[in-house]
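Enquirer: Listed below, chain by chain, are the residues.
2 protein chains.
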Amino acid sequence: MPRTRLDTGRILAARQLIDPVFLDTPFYRCEALEPRLGCAVNIKLETANPVRSFKGRGTEVVASLLADAGRRAVVCASAGNLGQALAWSGRTRGVDVTVVASRSATTAKLDRIRALGATLELVDGDHESARERAASLARNAGIRLLEDSLDLETCEGAATIGWELVNSRLPFDTVVLALGGGALATGVGHVLKELAPHVEVVCVQALGAPALAHSWRRRRVVTTASTDTIADGVAGRFPIPAVLEDLLLVADDVVLVREESIVAGMRLLLHHAGLVVEPSAALGLAAVIEDRDRFAGRSVATVVCGSNVDMAAHRRWTGGAQAREC
Amino acid sequence: MPRTRLDTGRILAARQLIDPVFLDTPFYRCEALEPRLGCAVNIKLETANPVRSFKGRGTEVVASLLADAGRRAVVCASAGNLGQALAWSGRTRGVDVTVVASRSATTAKLDRIRALGATLELVDGDHESARERAASLARNAGIRLLEDSLDLETCEGAATIGWELVNSRLPFDTVVLALGGGALATGVGHVLKELAPHVEVVCVQALGAPALAHSWRRRRVVTTASTDTIADGVAGRFPIPAVLEDLLLVADDVVLVREESIVAGMRLLLHHAGLVVEPSAALGLAAVIEDRDRFAGRSVATVVCGSNVDMAAHRRWTGGAQAREC
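Heads up: the protein sequence lines correspond to chains A and B, in order. Throughout the first sequence, residue numbering follows the UniProt record's numbering, covering 1 to 326 in sequence. Throughout the second sequence, residue numbering follows the UniProt record's numbering, covering 1 to 326 in sequence.
Since the hints were made in silico from the structure, they are not lab data. Keep in mind that a hint or two might mislead.
Simulated coverage check for chain A against chain B, where a stretch passes if three residues somewhere in it have a Cβ under 8 Å from a Cβ of chain B [to be verified]:
| no. | region |
| --- | --- |
| 1 | 16-25 |
| 2 | 52-65 |
| 3 | 264-276 |
Cβ coordinates follow ideal geometry from the N, Cα and C atoms, glycine included.
Given only the sequences and the hints, what does the whole structure look like? Please build it.
Expert: Next up, the structure:
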């Protein structure tokens with residue numbers, strides 16, 4: 001049993017705080033993908049909800065606890081999905097939400113944050129600049145800073161996915177998880193290691209944003225000077241030490257994948273599963289694509305964690321000659 | 001309370017026979033669609049399952065009852081979704097499935113029927129020719145003929161969607177339903193009229209395949225000589241009298257929509273909800289698009305009933321100049 005910062009009792013309690021629209025999401029085998037991948041593929045779909053990503057599970061817990069405590073404001077940095085989810089959860093509970101994002105974040109995500117009534121502040125630089133600015137805003141205004149993956153609500157909210165996987169009737173022996181800040185990976189990983197320890201937990205980052213993968217391998221925080229990936233949802237440079245500690249306890253492996261594999265994963269999901277996904281959500285399949293031998297004959301579960309993508313880019317990535325062959 | 005052929009007690013019992021992978025599907029408000037439609041839009045998503053349509057709900061009931069009765073074979077005519085679902089349900093219960101389809105049916109659907117191990121027979125002509133051939137096969141072989149919309153399992157299976165809508169926490173005052181053979185419309189309609197009679201039930205057919213709509217308006221069966229629509233899943237010519245009787249009891253209105261509205265609906269669902277849908281699944285939104293005034297300010301629920309579509313055609317329909325404006 002891993003001694004992470006997470007607690008399975010609290011994870012079960014979190015389910016009571018989360019709007020049911022985010023819970024008990026589809027989990028189904030997608031056989032049409034399998035001839036291309038050489039293993040059984042089971043999809044946990046986190047996109048069929050009002051914010052089109054799994055982040056609502058965590059923000060529901062945060063906003064619920066804030067409202068109960070009479071706190072009326074919160075700020076976060078976000079590549080887009082956390083901000084959108086926090087805007088949704090805050091709006092229903094009368095909590096003012098400020099989101100700080102990089103000017104270069106995905107337009108579709110920024111538009112939705114604004115539409116949901118949050119205050120959106122754009123900064124130059126990347127997601128790490130947004131994190132700094134959000135922290136400074138929170139300090140100056142004396143309001144709650146929500147830090148993705150560091151704050152336990154985000155991890156334990158995401159962990160409810162793990163609980164649903166463990167309680168499904170679908171058998172699987174491997175789970176492949178997108179690894180960004182670490183909330184999804186440590187959350188789902190914690191539950192699996194505690195309740196289904198036979199399942200191998202494989203986390204996946206883009207080669208163009210490998211800081212947490214490198215950190216996991218060297219068992220110490222490694223930062224990078226820049227990121228270069230289309231997987232905007234997982235492109236961090238400064239891993240959080242406490243999250244790395246948890247990841248070391250729950251991940252059996254952390255692998256890195258190429259951009260073309262991420263695109264190939266998106267293409268497969270579109271053409272053989274009928275799913276529009278954002279690049280981060282294709283990381284799991286990308287890992288299988290890059291190492292079919294490793295996964296051959298296994299039953300893999302992957303979390304399709306978001307579908308907030310600029311459609312023009314998605315169309316570019318998934319069309320063309322390769323699409324006809326995929 | 002409508003005196004249809006359906007029974008709410010049996011509908012609840014049907015839920016016990018259906019693999020949970022087809023039940024309790026996502027139902028969520030999709031605000032990003034709303035500025036384009038002028039009403040609240042709530043999506044009941046029936047595509048995130050192993051056969052990518054709602055038809056599994058009915059075929060699970062059929063295959064379950066057949067297996068219990070020791071019957072090992074069944075044949076059906078299908079435009080593709082029923083056949084795929086029956087193939088899936090039969091396979092898990094050792095029931096041999098034969099599907100008869102038109103040679104011009106959607107390739108993606110036919111491929112999946114074969115992949116699921118069913119015997120597929122293709123006939124010249126349209127869906128009505130397939131229905132004739134399936135009936136003759138069943139007679140000659142002495143096996144069960146499953147007739148979509150006529151056989152109560154298909155209606156009562158689909159009706160479980162209605163039960164889930166009624167038991168959700170999301171408020172809605174109008175439901176717009178694709179109308180093909182009538183199983184979905186009479187199933188969901190029956191439950192709504194019995195348990196939520198304040199909800200207006202609007203059924204939608206394509207102008208190019210209007211037989212059941214015309215029949216509903218004239219209160220007698222009207223057939224057509226041909227069909228001409230991209231909505232392959234709802235393109236029948238010979239309405240079933242018993243189904244028409246039920247439809248007369250549960251539908252408040254039946255409207256007809258143009259092909260360009262169906263395409264506009266698919267485009268909106270792709271670009272603003274991130275959903276790939278087959279043409280039939282866009283009929284509900286097409287009805288709103290054609291009569292915004294009628295639905296203005298309402299809260300509409302629509303069943304996204306399938307996503308089995310040839311992706312090249314989908315790409316053609318949803319791309320181009322209009323997509324950038326939608």
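Enquirer: Taking 8 Å as the Cβ threshold, is the statement that the region 264-276 of chain A is covered by chain B upheld or broken by the three-residue rule?
Expert: With 5 residues close enough to chain B, the hint holds.
Enquirer: Using C-beta distances, would you say chain B covers the region 16-25 of chain A, given that this needs three or more residues below 8 Å?
Expert: The restraint on the region 16-25 of chain A holds, since 4 of its residues have a Cβ under 8 Å from chain B and three suffice.
Enquirer: Quick check: the region 52-65 of chain A, covered by chain B? Criterion 3+ residues, Cβ under 8 Å.
Expert: violated (count 1)
Violated hint for the displayed structure: number 2, the only one.
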